[in-house]
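A.B. asks: This is what each chain is made of:
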Amino acid sequence: MEKYECVCGYVYDPADGDPDNGVEPGTSFTDLPGEWVCPICGASQDNFKKLD
Amino acid sequence: MYKPIEIADRIYSVGCRDWDIRDFHGYSTYEGTTYNAFLILGEKNILIDTVKEKFADEFLSNISKIIDPKKIDIVISNHTEMDHSGAIPRLMQVIGEEKPLYCSKMGAKNLKSHFNRDFNFKVVGSGDELKIGDRTFSFLETRMLHWPDSMFTYLVEDAILFSSDAFGQHYSGDKFFDDEIGDEIIPHARKYYANILLHFSPRVQALLKDVAKMNLKINMICPDHGILWRENPSKIIEAYDKWSRQEPANKVVVIFDSMWDSTTKMARSITSGIESEDVAVRLMNTRKWHRSDIMTEIIEAGAIAVGSPTLNNGIFPVIADVMTYIKGLRPQNKIAAAFGSYGWSGEAVKILNNEFSEMKLDIIDEGIKVQYVPDEDDLNKCFDLGVKIAKTLKQKLSGGKDGQ
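Going line by line, the protein sequences match chains R and E. Using my numbering, read the first sequence as starting at 1 and increasing by one per residue. Using my numbering, read the second sequence as starting at 1001 and increasing by one per residue.
Source of the hints: derived by calculation from the structure; they are not laboratory data. Incorrect hints may appear among the rest.
[To be verified] Okay, the calculated beta carbon distance ranges per label pair:
| no. | chain 1 | residue 1 | chain 2 | residue 2 | range |
| --- | --- | --- | --- | --- | --- |
| 1 | R | P33 | E | Q1093 | 25 to 31 Å |
| 2 | E | G1399 | R | G34 | 29 to 35 Å |
| 3 | E | K1175 | R | T30 | 33 to 39 Å |
| 4 | E | K1209 | R | K49 | 28 to 34 Å |
| 5 | E | E1238 | R | K49 | 37 to 43 Å |
| 6 | E | D1134 | R | A43 | 40 to 46 Å |
| 7 | R | T30 | E | V1373 | 53 to 59 Å |
| 8 | E | K1099 | R | E35 | 57 to 63 Å |
| 9 | E | D1278 | R | D13 | 48 to 54 Å |
| 10 | E | Q1093 | R | E2 | 38 to 44 Å |
| 11 | E | V1373 | R | K50 | 34 to 40 Å |
| 12 | R | P33 | E | S1272 | 19 to 25 Å |
| 13 | R | E5 | E | K1071 | 36 to 42 Å |
Glycine included, every Cβ here is placed at the ideal spot set by N, Cα and C.
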């Protein structure tokens, strides 16, 4: 699954998910709940870019 | 002019003092600030951080008192915000454009964007080391403390932590070290934390845990603003631990504004109610207190009460300013209540409650709105709201104690 990078440099890796914020490992970026924001800087999902 | 100070063997503080600044992007700086930068002499001469662009000449002159700036071999940028990077282009022009500039990945991105040009970047991350002669510089990325690029540089042999903005204070006086100023500096450090770092408190907690695990010996902490912590660096680390835990305290901040003193009367009655329960209270009129001072009080409180008149079907503009500011800094574990006088429609209390709810504060009452001027009955209700806030807070605090 594809990784996405936030403007702050944080990378969302679906393999890891974001368990601290209720996102199970294995969750693709596009399946993240709408209210999920970057756990590092608080930016919303539209601030993320797909990594090549 | 700033007389460079040798802070350790062949290590100099060469930054500049900004005596005049009173508004630091919306943060009141009654005692100005300093832009600290550090020159480390050795087999190669290394500079950590720079100053605001307008102080570039003064900065170069400070360095010249120690060495010819052209003899600087390496620049490390711990933080790219303009008050620390503004002088980089001028510096590089003087010392040589080809000189390496060490920074984080996001640091390189930011500097390119700030100055619309490239530098000879050497990108480093956590754990990377730069060994030069008898000195070892170890890097630790501290992303979002408080910018994406932020990092610490730890000088291993001298056990000095160059901490960029973390542990800083906006203070420009005649003192340079914690042992010279004593506890007088703590309110400045608290204000800095409340206004610059509070919203990243979970990151601060994570960082403190990481640093504890690394078991670093720290002789001195050198932030990019204010005094340096050399006598007791653990004092500011402990303070950061306390502030970042955001544990509620036995204090209420009542924040209000008023058009015809009706909301003022309500605020005073609420304050009396809080005091009657022996809970500390601070009454802050938003047109008398700067938003950054209000924020500094809030981090040491367990509850806030916010009062706003209704103006043009909304909350009062000055209250909106303060609420936007507080919301962005994300205070946690606070009790909240709203109040306000109105003329005909009276939306303010509802709007404030919505804001509290979005801020995830614990709303303990639907709030009190009074049409036009509060009468005795209304003021008694306000007093009772103050009592309720104080009692709920005390209950919460004693519950917390039982749990420990």
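A.B. asks: Hint by hint, note whether the structure agrees.
C.D. replies: Against the structure, the hints:
no.: 1; hint: R:P33 with E:Q1093: 25 to 31 Å; result: violated (49 Å)
no.: 2; hint: E:G1399 with R:G34: 29 to 35 Å; result: holds (34 Å)
no.: 3; hint: E:K1175 with R:T30: 33 to 39 Å; result: violated (55 Å)
no.: 4; hint: E:K1209 with R:K49: 28 to 34 Å; result: holds (30 Å)
no.: 5; hint: E:E1238 with R:K49: 37 to 43 Å; result: holds (39 Å)
no.: 6; hint: E:D1134 with R:A43: 40 to 46 Å; result: holds (42 Å)
no.: 7; hint: R:T30 with E:V1373: 53 to 59 Å; result: holds (56 Å)
no.: 8; hint: E:K1099 with R:E35: 57 to 63 Å; result: violated (46 Å)
no.: 9; hint: E:D1278 with R:D13: 48 to 54 Å; result: holds (51 Å)
no.: 10; hint: E:Q1093 with R:E2: 38 to 44 Å; result: holds (42 Å)
no.: 11; hint: E:V1373 with R:K50: 34 to 40 Å; result: violated (59 Å)
no.: 12; hint: R:P33 with E:S1272: 19 to 25 Å; result: violated (45 Å)
no.: 13; hint: R:E5 with E:K1071: 36 to 42 Å; result: holds (39 Å)
Hint compliance for this structure: hints 1, 3, 8, 11, 12 are broken, all remaining hints hold.
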